[in-house]
Amino acid sequence: MAEQQVKPSIDLGNLKAGGFIKERGKDLFTIRLRVPGGRMAVPRLKKIAEVAEKYGGEFVHLSVRQSIELININFKHFDAVVEELGEADQKVASCGARVRVPVACGGCEYNPNGLVDTQKSALEVDRQLFGTPTGHHKFKVAFAGCPFDCPKSATNDVGFQGALLPKLDKEACISCGLCAKSCTPGAITMGEERKPLLAIDPCIWCGDCVKVCPTGAWEAKQTGYNVRIGGKWGRNPLVGTLFATFLPQEQVVAFITRVLEWYREKAENQGRIRLGDIILKEGPEPLLERLRQSFPDSVVAETIPPQIINTQIGSGR
Amino acid sequence: MATIDLRGVSCPTNFVKAKLALEELEPGDRLELLLDDGEAVKNVPRSLKGDGHKLLALQETAEGHYLLTVEKGEE
Chain A
1 MAEQQVKPSI
11 DLGNLKAGGF
21 IKERGKDLFT
31 IRLRVPGGRM
41 AVPRLKKIAE
51 VAEKYGGEFV
61 HLSVRQSIEL
71 ININFKHFDA
81 VVEELGEADQ
91 KVASCGARVR
101 VPVACGGCEY
111 NPNGLVDTQK
121 SALEVDRQLF
131 GTPTGHHKFK
141 VAFAGCPFDC
151 PKSATNDVGF
161 QGALLPKLDK
171 EACISCGLCA
181 KSCTPGAITM
191 GEERKPLLAI
201 DPCIWCGDCV
211 KVCPTGAWEA
221 KQTGYNVRIG
231 GKWGRNPLVG
241 TLFATFLPQE
251 QVVAFITRVL
261 EWYREKAENQ
271 GRIRLGDIIL
281 KEGPEPLLER
291 LRQSFPDSVV
301 AETIPPQIIN
311 TQIGSGR
Chain B
318 MATIDLRGVS
328 CPTNFVKAKL
338 ALEELEPGDR
348 LELLLDDGEA
358 VKNVPRSLKG
368 DGHKLLALQE
378 TAEGHYLLTV
388 EKGEE
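Protein sequences appear in the order of chains A and B. Heads up: the first sequence at position 62 corresponds to 62 in my numbering, and the numbers run straight through without jumps. Each number in my numbering corresponds to the 1-based position in the second sequence with 317 added.
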């Protein structure tokens, strides 16, 4: 076991949030770096390359959750690696039953599809909740800036998806029809006098109408996050379901905190169990009710349990 | 007003061709772009708007293509 090899000269404080992962070879570890939202400042990237070359193997690994992992690090070099990475303010990530580093798409600063600042949200969650022990199992959060959802938000314990509620100023509309043509779900049709009509049901809140509108006649009435809870992948995948709509960006940390509280309580004495499996047992109503107390304007009236994905292998749940 | 035929040209080449054509014009000049239905008509107008040009009209042609009228924006 790795613990028996660790000598007193190694700062065990560095290991408390995890991020040091035993490899196959004797004495060798992977060090998972903390890269919230996948944004990597170029000077930090240079420092990582320098440290990897000095202490690691021939390559680094780019993880699925946007981390850079240093490979083949001898445990004797833990302190040196942490210290040298620290010179560029690069920290080590988490593993185990903790809040993990949030994943995010590029956001809205340069990506034309982004509706909300997912990078800002990821940094905020990382700053305030990183490494928080759950007492039960891992806890993953992701931020997608729009309903195209490149980060696959609903496969996370809590997944945030940027959304925009459009409204039309008929006077400013020049009847060009570009909104109706751009509306992939077909929520906008050109009605009488060639003015667009929005049908609420098919709308997925992508904001394409606002983005294409030549005169600004379509504008955002509201933006925020649609929040899905209870997702996971792995052996028995679940897709999270909708618990809140248009959650204001500044309420993200508080929202996750409430979910974590409920998870800690309900999973008591149930061992290593993910949030989605707790919701399957309890039904979605108790969590909805808990969240409604703090976020009455955003929490939906009703929802469905996490959706079980049939992997067709193993007899399953 | 010149018309650029961008039918059969895929994204983002159609947008880049439109951009090059607009570079030849002065601010306030107009250009017509003939676009395919689907991705082209969804993406090209939005990208031109993002570049600061003014979208004036969109007409569907008898053959099911789209004619976009655009006015070159300030540099």
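Derived by calculation from the structure, the hints in this document are not laboratory data. A few of these clues could be false.
Taking lysine-lysine pairs in the DSS-like style, the calculated list, with each CA pair at most 27 Å apart, reads [to be verified]: (1) B:LYS336 to B:LYS366; (2) B:LYS336 to A:LYS221; (3) B:LYS371 to A:LYS170; (4) A:LYS281 to B:LYS366; (5) A:LYS170 to A:LYS120; (6) A:LYS221 to B:LYS334; (7) A:LYS221 to A:LYS195; (8) B:LYS366 to A:LYS170; (9) A:LYS91 to A:LYS46; (10) A:LYS16 to A:LYS26; (11) B:LYS334 to A:LYS195; (12) A:LYS167 to B:LYS336; (13) A:LYS170 to B:LYS334.
Going down the list of hints, with the structure as the test:
1. With a C-alpha separation of about 11 Å, the suggested pairing of LYS336 (chain B) with LYS366 (chain B) holds against the 27 Å cut-off.
2. Restraint check for LYS336 (chain B) and LYS221 (chain A): not satisfied, since their Cα atoms lie roughly 32 Å apart, outside the 27 Å limit.
3. Proximity of LYS371 (chain B) to LYS170 (chain A) is assessed by CA-CA distance (about 19 Å); at most 27 Å being required, the pair is judged to hold.
4. For the given pair, LYS281 (chain A) sits about 50 Å from LYS366 (chain B) by alpha-carbon distance, which is inconsistent with the 27 Å threshold.
5. Annotation: proposed proximity of LYS170 (chain A) to LYS120 (chain A) is violated, straight-line Cα distance about 34 Å (limit 27 Å).
6. Restraint check: the Cα-Cα separation between LYS221 (chain A) and LYS334 (chain B) comes to about 35 Å, which exceeds 27 Å; the hinted pair is violated.
7. A distance of roughly 18 Å separates the Cα atoms of LYS221 (chain A) and LYS195 (chain A); the hinted pair therefore holds under the 27 Å criterion.
8. For a cut-off of 27 Å, the pair hint linking LYS366 (chain B) to LYS170 (chain A) stands: about 20 Å separates their Cα positions.
9. For the hint linking LYS91 (chain A) to LYS46 (chain A), the alpha-carbon distance of about 14 Å falls within 27 Å, and the restraint holds.
10. The straight-line distance between the Cα atoms of LYS16 (chain A) and LYS26 (chain A) is roughly 21 Å, inside the 27 Å bound, and the hint therefore holds.
11. Under the criterion of a C-alpha separation no larger than 27 Å, the hint pairing LYS334 (chain B) with LYS195 (chain A) is inconsistent with the structure, at around 31 Å.
12. Pair hint LYS167 (chain A) plus LYS336 (chain B) does not hold up; C-alpha atoms about 30 Å apart against a cutoff of 27 Å.
13. Distance restraint check for LYS170 (chain A) and LYS334 (chain B): the Cα-Cα separation of roughly 33 Å exceeds the 27 Å cut-off, and the hinted pair is therefore not satisfied.
Hint check: violations occur at hints 2, 4, 5, 6, 11, 12, 13; the rest are consistent with the structure.
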